[in-house]
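Those sequence lines, one after another, are chains A and B.
Residues in the first sequence are numbered consecutively from 1, following full-length UniProt numbering.
Residues in the second sequence are numbered consecutively from 1, following full-length UniProt numbering.
Simulated from the structure, these hints should not be mistaken for laboratory data.
Take the hints with a grain of salt, since some may be wrong.
Identical chains blur together in the list; that is why a pair holds if it fits in one copy or across any two.
To be verified - The list that follows gives simulated cross-link-like pairs (lysine-lysine, DSSO-like), each with its CA atoms no further than 27 Å apart:
1) LYS156 / LYS183
2) LYS337 / LYS156
3) LYS183 / LYS135
4) LYS303 / LYS200
5) LYS290 / LYS46
Keep in mind it's a predicted model, so treat the numbers as computed, not measured.
Protein chains: 2
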Amino acid sequence: MMKKIVSVLKHCRSFLITSHIGPDGDSISSQIALALLLEKLGKRKKVIIINEHTVPQIYRFLPHVNRVSAPYSLLPAPSSFEIAIVLDCSNLERTGKISSLISTPRSPLPTPLIINIDHHLDNSFFGDFNWVDKKASSVSEQIFSLSKILGLPLNKKLATLLYTGIITDTGSFQYHLSPTTHKIIATLISKGVVPEEITKNLYQNLPFASLKLFGLALATLKENKVPTAFLRKQEVGKDGKLCWMKVTREMYQETKSFIEDTEPFIDYLRQIKDVKVLFILKESSENKTKASFRSIGKFDVQKLAKKFGGGGHRNASGATLNEPIDQAEKTILKAIKLWMGY
Amino acid sequence: MMKKIVSVLKHCRSFLITSHIGPDGDSISSQIALALLLEKLGKRKKVIIINEHTVPQIYRFLPHVNRVSAPYSLLPAPSSFEIAIVLDCSNLERTGKISSLISTPRSPLPTPLIINIDHHLDNSFFGDFNWVDKKASSVSEQIFSLSKILGLPLNKKLATLLYTGIITDTGSFQYHLSPTTHKIIATLISKGVVPEEITKNLYQNLPFASLKLFGLALATLKENKVPTAFLRKQEVGKDGKLCWMKVTREMYQETKSFIEDTEPFIDYLRQIKDVKVLFILKESSENKTKASFRSIGKFDVQKLAKKFGGGGHRNASGATLNEPIDQAEKTILKAIKLWMGY
Numbered sequence: 001m002m003k004k005i006v007s008v009l010k011h012c013r014s015f016l017i018t019s020h021i022g023p024d025g026d027s028i029s030s031q032i033a034l035a036l037l038l039e040k041l042g043k044r045k046k047v048i049i050i051n052e053h054t055v056p057q058i059y060r061f062l063p064h065v066n067r068v069s070a071p072y073s074l075l076p077a078p079s080s081f082e083i084a085i086v087l088d089c090s091n092l093e094r095t096g097k098i099s100s101l102i103s104t105p106r107s108p109l110p111t112p113l114i115i116n117i118d119h120h121l122d123n124s125f126f127g128d129f130n131w132v133d134k135k136a137s138s139v140s141e142q143i144f145s146l147s148k149i150l151g152l153p154l155n156k157k158l159a160t161l162l163y164t165g166i167i168t169d170t171g172s173f174q175y176h177l178s179p180t181t182h183k184i185i186a187t188l189i190s191k192g193v194v195p196e197e198i199t200k201n202l203y204q205n206l207p208f209a210s211l212k213l214f215g216l217a218l219a220t221l222k223e224n225k226v227p228t229a230f231l232r233k234q235e236v237g238k239d240g241k242l243c244w245m246k247v248t249r250e251m252y253q254e255t256k257s258f259i260e261d262t263e264p265f266i267d268y269l270r271q272i273k274d275v276k277v278l279f280i281l282k283e284s285s286e287n288k289t290k291a292s293f294r295s296i297g298k299f300d301v302q303k304l305a306k307k308f309g310g311g312g313h314r315n316a317s318g319a320t321l322n323e324p325i326d327q328a329e330k331t332i333l334k335a336i337k338l339w340m341g342y
Numbered sequence: 001m002m003k004k005i006v007s008v009l010k011h012c013r014s015f016l017i018t019s020h021i022g023p024d025g026d027s028i029s030s031q032i033a034l035a036l037l038l039e040k041l042g043k044r045k046k047v048i049i050i051n052e053h054t055v056p057q058i059y060r061f062l063p064h065v066n067r068v069s070a071p072y073s074l075l076p077a078p079s080s081f082e083i084a085i086v087l088d089c090s091n092l093e094r095t096g097k098i099s100s101l102i103s104t105p106r107s108p109l110p111t112p113l114i115i116n117i118d119h120h121l122d123n124s125f126f127g128d129f130n131w132v133d134k135k136a137s138s139v140s141e142q143i144f145s146l147s148k149i150l151g152l153p154l155n156k157k158l159a160t161l162l163y164t165g166i167i168t169d170t171g172s173f174q175y176h177l178s179p180t181t182h183k184i185i186a187t188l189i190s191k192g193v194v195p196e197e198i199t200k201n202l203y204q205n206l207p208f209a210s211l212k213l214f215g216l217a218l219a220t221l222k223e224n225k226v227p228t229a230f231l232r233k234q235e236v237g238k239d240g241k242l243c244w245m246k247v248t249r250e251m252y253q254e255t256k257s258f259i260e261d262t263e264p265f266i267d268y269l270r271q272i273k274d275v276k277v278l279f280i281l282k283e284s285s286e287n288k289t290k291a292s293f294r295s296i297g298k299f300d301v302q303k304l305a306k307k308f309g310g311g312g313h314r315n316a317s318g319a320t321l322n323e324p325i326d327q328a329e330k331t332i333l334k335a336i337k338l339w340m341g342y
């Protein structure tokens with residue numbers, strides 16, 4: 001399959017590169033890196049990167065980040081490119097509105113071929129050409145392999161992009177790791193990556209207000225034991241906790257912070273000993289509450305989010321409830337108790 | 001020098017291994033790993049690991065951790081071993097009370113030879129044999145090199161120890177990194193290390209009460225701008241902040257937490273954008289306040305701690321003030337303002 005993909009990349013002339021909604025470090029970095037590699041192959045000015053959502057502030061330090069365009073109005077006509085390359089998506093729906101552009105069976109215009117490059121376990125092989133490497137830490141790791149196959153040497157900018165994709169998708173080298181990943185990282189550092197520069201941008205860039213907001217939210221942090229019978233059924237040991245916390249509009253006002261400032265909170269809570277399932281509720285308006293669910297191990301919080309019309313993955317999902325925050329808390333706790341058989 | 005050290009290790013029969021007060025992941029892991037290697041060389045039962053302080057709870061998952069003894073009363077007589085190997089210490093004083101045991105010029109007993117294995121920039125070459133590798137991420141990385149030189153293959157336990165030393169001394173691979181470090185990590189994973197197991201123990205083991213305590217402490221978090229003139233003098237850009245926070249005895253009581261639970265707080269605060277100098281005050285009793293100082297970059301907080309009879313390093317130091325916590329806050333802020341020329 002790799003041979004076919006390489007051949008397609010070499011012979012086609014116009015490319016649309018896209019990735020999932022809510023773009024992350026890996027999706028953004030791998031898209032830009034791939035575009036730079038294609039340009040090294042001589043595809044200059046015929047490579048478009050487009051996502052439904054804009055690049056979050058935290059990734060704006062990346063080289064050539066302005067290449068990633070988002071406003072939907074800027075979308076080119078489907079006929080204007082031959083190949084759509086979809087990165088880091090289990091299925092085409094993950095690209096959001098972009099999916100309609102690259103998969104329009106009823107369109108009178110020719111629709112592009114699709115190359116699917118991904119590392120998720122549940123990839124649906126939606127492409128005309130599929131390169132799914134479940135052992136890869138990240139798509140950036142796959143793009144690294146691609147650069148080797150294409151015989152294109154990496155410079156500091158490319159290495160910085162790939163390093164960022166790998167560090168963010170492994171939680172700063174804490175999971176999804178293989179010897180291969182670390183060997184790649186060694187190569188990237190030897191190409192000029194300065195790890196301290198990247199980690200400063202990613203992990204030492206928190207607004208002061210975000211920590212003040214976290215302080216207020218922590219006052220609402222609660223925990224419940226997960227029933228032993230349920231833990232036994234899931235085969236995850238004998239201790240388990242459910243933890244959750246609320247962020248209200250008053251808290252934003254008091255600390256002069258914004259909903260984006262809550263971004264790191266869920267990762268802090270993941271550090272709690274024995275936590276298996278956790279959620280954060282964020283009040284958007286009087287009758288609207290956003291819920292973010294996370295789980296550790298085999299617990300499937302996607303099913304939980306689905307009950308409220310949301311979605312996501314087994315270990316990370318979300319939903320919006322049309323209820324005041326305190327009512328939403330009750331609704332979710334009731335659903336969790338039903339799920340776990342309290 | 002390496003050749004001499006290898007020769008000494010091979011020919012001596014009795015070893016005392018030690019490291020610094022306030023032991024960390026690297027000092028503990030490298031000590032145990034070195035002991036295991038010496039035993040592979042046939043030095044069974046003649047290798048003692050002893051530190052002034054006990055192993056913190058968080059590192060108790062390490063293989064053979066019970067080999068590390070701490071109570072001072074258990075100290076052997078200096079004459080009972082030929083060689084003292086001091087790991088991860090810039091100078092002999094860093095070993096605390098152990099230093100008197102291995103450096104007693106007025107003792108009638110023969111004092112042991114000292115091997116100094118370290119990676120700190122300011123190492124004072126206090127040993128009879130000094131192996132100071134300033135490029136190494138950690139002493140664990142040096143012990144890895146030693147195992148190669150000695151031709152001793154690593155098993156999963158040894159690899160787990162060295163991996164833990166490296167991950168903790170690089171802040172989960174965020175600083176002190178070279179291609180070599182990542183190549184070593186790749187080898188360690190191929191020897192059976194499961195990164196997820198280690199990071200679960202190190203980073204997903206926080207007591208619930210610790211986060212509740214952090215919430216209360218964050219309510220006291222404050223910031224001050226560092227004067228531009230001072231930043232210019234230190235050549236560290238144009239933006240800089242001083243941040244600090246207090247942990248009172250009432251907070252421990254309210255959240256049923258302990259002083260150990262404050263351990264991760266300072267690392268969270270290091271994430272604040274533009275923070276250059278930070279400190280946390282912890283109330284020990286009505287008239288006693290412990291201060292932990294941290295800095296990013298060239299700011300020397302060791303000098304600051306010295307003013308209050310404390311010590312440490314350029315980027316991490318501490319002191320105990322015999323003052324109530326609010327008075328200690330005023331005293332320290334005054335000293336910082338003097339230092340920075342407000």
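May I ask which of the numbered hints given earlier this structure violates, with the numbers listed in increasing order?
-> Hints 2 and 5 contradicted; others consistent.
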